[in-house]
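Asks: Sequence:
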Amino acid sequence: MRDKTQPNSAEPGDRLIRAGAIVFFVGAVATLVTVAPLLLHTTPFPTYMFGLSMLMGVGFLIAAAGVLRSVAAGRRQARAIQARTASR
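All the letters of the sequence shown, read from the start, carry residue numbers 11 to 98 under our numbering.
No lab work stands behind these hints, which were simulated from the structure alone.
Check each hint, because a few of them may be wrong.
Distance ranges between label pairs, derived from CB positions [stated by the list, open to error]:
hint : residue 1 : residue 2 : range
1    : Pro54     : Ile91     : 48 to 58 Å
2    : Val39     : Ala82     : 25 to 35 Å
3    : Ala20     : Ala90     : 38 to 48 Å
Computed from a prediction, not measured in an experiment: that's the story for all the values here.
For glycine and all other residues, C-beta sits at the position ideal for the given N, C-alpha and C.
Could you build all of it, start to finish, from the sequences and the hints given here?
Replies: Right, dumping it as structure tokens:
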């Protein structure tokens, strides 16, 4: 029997995972930019750059929410299949 899911179809939570990865990498770049002057003994960046570094944690939380949403959708789908099989 052929699987009905297309190989490029978006699962629930995929967009959250992608958005979380983007936000995480923006935060990682901000962290590198913020730490570089401290290591090079130059003038540090303004305080808001340290705030941008917090985007790493925010991106991680967004991606984790996407993973949890994907897991929940998979469980619902498995329960639906199990219910259909049990009713036969």
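Asks: Tell me, in ascending order, the numbers of any earlier hints that this structure violates.
Replies: 3
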